[in-house]
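Chemist: Required output: the full structure, derived from the provided sequences and hints.
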Amino acid sequence: MNALVNFAKIFKFHGGVHPPENKAQSTQLAIGQLSLPDKLVLPLRQHVGNIPKIKINVGDHVLKGELIAEAEGTVSAAIHAPTSGTVTAIEDAIIPHPSGLPDRCITITPDGKDSWIERKPQDWRNADRKTLVASLRLSGIVGLGGATFPTHIKLRADGKSGVHTLVINAAECEPYITCDDMLMRERSEQIVKGIEIAQYLLGAEKVVIGIEDNKPEAVVAMQTATTNTAMQVIVVPTLYPSGDARRLVHLVLGQEIPFDKRSTEVGLQVFNVATVLALYRYFEFGEPSLNRIVSMTGNVQTPQNFEVLFGTPLLHLVDAAGGIKSGTTHFIMGGPMMGFDLPDDNVPITKAANCIIAASPTLFAPPPPAMPCIRCARCADACPVSLQPQDLYWFAKSDNFEKARDYKLFDCIECGACSYVCPSNIPLVQYYRYAKSEIIAADRAKEAADIARERNDFRLARIEREKLERAAKHAERAQAAKQTTATASNELTGTTPETNKDAGSGDAQKTEKQAAIAAAIERAKAAKAAAAAVGEVPKNVMETSSTVKAEIAEIETRRASVGLAEKSTIDEDKQAKIAAAIARAKAQKAAAEAAKNKD
Amino acid sequence: MLTALYIMLGLALALGVALGYAALKFKVEGDPLIARIDAILPQTQCGQCGYPGCKPYATAIANGEADINQCPPGGDAGVRALADLMGVEYKPLNAENGVEKPKAVAFIDEDICIGCTLCIQACPVDAILGAAKHMHTIIASECTGCELCVAPCPVDCITMEPIAETPDNWKWKYPTIPIKPVMTL
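Going line by line, the protein sequences match chains Y and X.
Numbered by my numbering, the letters in the first sequence go through residues 1 to 599 in order.
Numbered by my numbering, the letters in the second sequence go through residues 1 to 185 in order.
It is worth saying that the hints were derived from the structure and are not from the lab.
Because the structure is a prediction, the values reported are computed rather than measured.
Among the clues, some could well be false.
Stated by the list, open to error - Examples of chain Y residues toward chain X, derived with CB under 10 Å:
id : residue
1  : R45
2  : H97
3  : W116
4  : E196
5  : A396
6  : N400
7  : Y431
8  : Y432
9  : A445
10 : A449
11 : E454
12 : D457
13 : L460
14 : K577
Each residue gets a CB set at the ideal place from its N, CA and C atoms; glycine is no exception.
Modeler: If you want it as structure tokens, here you go:
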């Protein structure tokens, strides 16, 4: 235990709890390997940020490590085929999400060969940092501690990030979870190489590794691996939630990151051990993020940690751990403090799945009914963020969201320490989650309303502008027409513009037109008279046969007898149509009026 | 006696100048009340309130011409917020203006659409894309669900589709205690 002697000063944070650790169960066996499952289901939603864009089609054959979905937008991560096989479906399936709702997933049926795509290791020591970080966008690596924030964003430093200290989070404070512990025991050399890469990319001078004192083997392994480096392993006391990034920074550096600032703004960056290991494998071997260590524990025959390909169905993992013991009711993803109940027994393992616990009533007794809050403020004593949980509870319960926001609801890390100590068994975190999602939804609605207002304003402005433009165009055209007729009439009549002006150009135009019309009528009349004089029939009956002619003549005489000879049949037709149309319009008007009266 | 008078006079003058300066310096353009009411309204621009948009309705409320309970898309929460802002009693939504519905977006059945552009002209937020004799489609992210495009469609190809719950817009529910039967009769 000599190695555990701690020379570094520890800066205790406020609050915290110490629930039963339950870590020993899953550390008895080394990290196990899983056989290839029958199918791998890869949800597109595995990380914080935008949903990646699918790059393959159903029926495509993919190789291990092949990019199947590409990062879309700034905050997003790529997804790769965890093994070689055929894409058999792209469809909605239940994903490991507290909502229990289905989401888009890619299903790959392995061909069993597990054949790799060409891997491109990078000589990171002699490469440009910018290109290295840019290439990380294709790696699919996200924070494997559970937050699943895309790693390439955290490293987007351009060499002048101002990050002076890199904190490696190996605290693993939540009960039951042992995946980081086992990883450090077995692969500490690789982790240290990964830390070197992260340190190089960030340009950080100092590296501290924070490990809780309930993992002595891991501490020894890490201390041995870092002997010849400047990295400092700091053992922190076991107190939940020391694994929260801000709490760990406080513990090892005594520095409080302001609530409204990111850690990089004060020159700090925090990485999980599993994430730096993924970095190492990506740069050293060209392997993208395809698997992770998952603790399979709780009510199973042989609790153990496994290296699991993303997309592996949960039951395949459960079988590897010897199957469930009797009494298992459901599965929890994450730890008992912050995890959530899985909606289905066969959801796939994703990048966020650090631990799966088979739950039974003996392990997790159903909570006793919640009693009224007695304002004992034990939750405030336990809160690691120094909030006032009892006030937040009150505001959330009464839908007083603005007040909850004022009391820094969004600084709550949902660690569950308050619920754990509450003597009234109030599910406090559930209230905070409810309030947070209501506030987020309201904010989104507000944003959408603002956009709608802007678009509506723009539309009204556009309509107004178009109206003005149309009016201006009409005026212009009228002006142009006026000018041309004025000049034309001037030329025709030979009058001077002065006299024309006196008469008024409009009047002149009118008389001109009328004269033209009168002349046309005269011409038509003359033509008609001439035709009648020669006894010519209208052109449209000129070529008809004699029988038709006879028929026409007969009709003409009959028409003459009733006094309709002057009008042509075409006119008759038209008039009938017009009359019908008028009748229709009248009927419509009457109907409309009747409807109005009814209202 | 005279000193007191001078002091009061001096004070009146000084304060008058200060107030006059403040009135010029901190002059507010437009009616802030209308903007504040408009900020509460959901901006669907649906006209269910009887006014041609959210801004005209906000103006009418500010002028005391309209009641606060005429906006169905804003719902009960909207009425409460307006009551708070205007300092009046809350009253339930006026049924004459319609009822609160779950948020929906318009959907055009593109097989039926004849490309008449009538819906495009009706859309208050330009959320419909298309051209004469070409198929139209809704930009779902911009649609406010006002239903103004449904009525003008001559072939009835527009339907309102309620927004489905996805992991993206899913909300944590209010904690409830499940009721379990302890005894069967």
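Chemist: Take the hints in turn and mark each one as holding or not.
Modeler: Hint check results:
1. R45: holds, 6 Å
2. H97: holds, 5 Å
3. W116: violated, 32 Å
4. E196: violated, 37 Å
5. A396: holds, 9 Å
6. N400: Nearest chain X Cβ about 12 Å off; hint violated.
7. Y431: Since the shortest Cβ distance to chain X is 6 Å, the answer is holds.
8. Y432: Holds - the Cβ of Y432 of chain Y comes within 10 Å of chain X, reaching about 9 Å at its closest.
9. A445: With Cβ-Cβ at 7 Å, under 10 Å, it holds.
10. A449: For A449 of chain Y, the interface hint holds, since the closest Cβ of chain X sits about 4 Å away, which is under 10 Å.
11. E454: Holds: closest Cβ of chain X sits about 9 Å from E454 of chain Y, inside 10 Å.
12. D457: OK, holds: D457 of chain Y within 10 Å of chain X, min 8 Å.
13. L460: Hint holds; L460 of chain Y Cβ to chain X Cβ min 8 Å, cut 10 Å.
14. K577: This interface hint is violated because 24 Å lies over the 10 Å limit.
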